[in-house]
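Engineer: Numbering (the UniProt record's numbering), first residue to last: 1 to 318.
It is worth saying that the hints were derived from the structure and are not from the lab.
Glycine included, C-beta positions come from ideal geometry on N, C-alpha and C.
Do not take every clue at face value.
[As the list claims (entries may be wrong)] Taking lysine to any residue and the SDA-like style, the derived pairs with C-alpha atoms no more than 25 angstroms apart in a straight line are: (1) Lys130 <-> Arg195; (2) Lys37 <-> His2; (3) Lys313 <-> Ala30; (4) Lys130 <-> Asp84.
[Stated by the list, open to error] Just the calculated beta-carbon pair ranges, DEER-fashion: (5) Ala88 <-> Ser140: 34 to 44 angstroms; (6) Arg277 <-> Ala93: 46 to 56 angstroms; (7) Met1 <-> Gly61: 15 to 25 angstroms; (8) Ala243 <-> Arg277: 29 to 39 angstroms; (9) Ala28 <-> Lys240: 37 to 47 angstroms; (10) Leu97 <-> Met1: 13 to 23 angstroms; (11) Pro192 <-> Glu137: 29 to 39 angstroms; (12) Ser92 <-> Arg143: 18 to 28 angstroms.
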Amino acid sequence: MHRVAVLLLPPVVGFDATIPTLLFGNAADAGGEALYKVVTCGLSTDPVAATAGFAVLPEAGPEALASADTVVIPGTRYPPARADGVLASEVSAALALIRPGTRLVSICTGAFVLAAAGLLDGRPATTHWKYADTLREMHSQVRVDENVLFVDDGDILTSAGLAAGIDLCLHIIRSDHGTQVANAVAKYCVVPPWREGGQAQFIDRHVLAPDDFSTAATREWAMGRLDEELTVQRMARHAKMSARTFNRRFRAETGQSPGVWVRARRIDRARELLESRDLSVDEVARLSGLGSGGNLRHHLRRGVGMSPTGYRKVFQGV
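Take the sequences, apply the hints, and build the full model.
Structural biologist: Written as structure tokens, this is what we have:
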């Protein structure tokens, strides 16, 4: 069983601390067997103060990090990392227990801890949009992107603020065990399996005026027509906007161009079909709007490093 250790550093953001325990803790296979063993840990087993007037009692001390396959650091106001960009010796010693090759994950301002440890140098990463400039100024070698909900850089993954930790944990579950398992967890938590776009839509300077038209209805319309031609012009006509206005508003709402968004949704649809139905590769490509089996192979190898046949074997067990 995959072991997940959630490292609580005081004062921890209580909401963030519950996300990995809830989501990973409810991921199960078709037979109902748990897929992850989740343990919370602190620098000791003493209660860890949270930012909202309560404390969290960790199940273990830092020794739990030594046997973890994934380590998650939730958001924190831990002063050395947040104010000075450094780590106290006890935190450095705890992180030193983590085995090489362990997957590292941060939620929200947990990225400041990874950055202070030098683990994000030269890498793309994100954090809550409100603190992105601070992270960028404090750690100039980190390639901070405040417009996305999360960044998957292989063995290190970072999420934007608060609820974006849900998006990242669902992404990890989906990558590990497929769409059906992730969707089941999302359904239990009463959240969408994925959210469109990035946190650009929540940044103050990007919020649209109340009288502006939204592209949301057109995105929903397009989701039902992924196997059809979806040009910017066609979607703009549906939204009753000029192509230029539609493109601008679409980017403001989702953080992506219409073309990039449509391609991502088509790849998601293809993965779902490969996991759940015994269709030929060409038929999956047609139904998902990717056109040809060759095009599907290209995008799947680029996105997940597998061929369609290999992907189906992993997630259908055939």
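Engineer: Could you run down the list of hints and mark each one as holding or not?
Structural biologist: Here is how each hint holds up against the structure:
Proposed proximity of Lys130 and Arg195 is supported: the alpha carbons are some 20 angstroms apart, at most 25 angstroms. Using a Cα cut-off of 25 angstroms, the hinted pair Lys37 and His2 holds, with the two alpha carbons roughly 6 angstroms apart. Annotation: proposed proximity of Lys313 to Ala30 holds, straight-line Cα distance about 16 angstroms (limit 25 angstroms). About 17 angstroms separates the Cα atoms of Lys130 and Asp84, which keeps this hinted pair within 25 angstroms; it holds.
For the pair Ala88 and Ser140, the beta carbons lie near 22 angstroms from each other, so the given range of 34 to 44 angstroms is not met. Between Arg277 and Ala93 the beta carbon distance is about 50 angstroms. The supplied range of 46 to 56 angstroms therefore holds. Look at Met1 against Gly61: about 21 angstroms separates their beta carbons, and that is inside 15 to 25 angstroms. Checked against the hint of 29 to 39 angstroms, the pair Ala243 and Arg277 passes, with Cβ atoms roughly 35 angstroms apart.
Distance hint check for Ala28 and Lys240: the Cβ-Cβ separation is about 45 angstroms, which falls inside the suggested range of 37 to 47 angstroms. For the pair Leu97 and Met1, the supplied restraint of 13 to 23 angstroms holds, since their beta-carbon distance comes to about 20 angstroms. Roughly 33 angstroms separates the CB atoms of Pro192 and Glu137, a value that falls within the hinted 29 to 39 angstroms. For Ser92 and Arg143, the hinted distance range of 18 to 28 angstroms is satisfied, since their beta carbons lie about 23 angstroms from each other.
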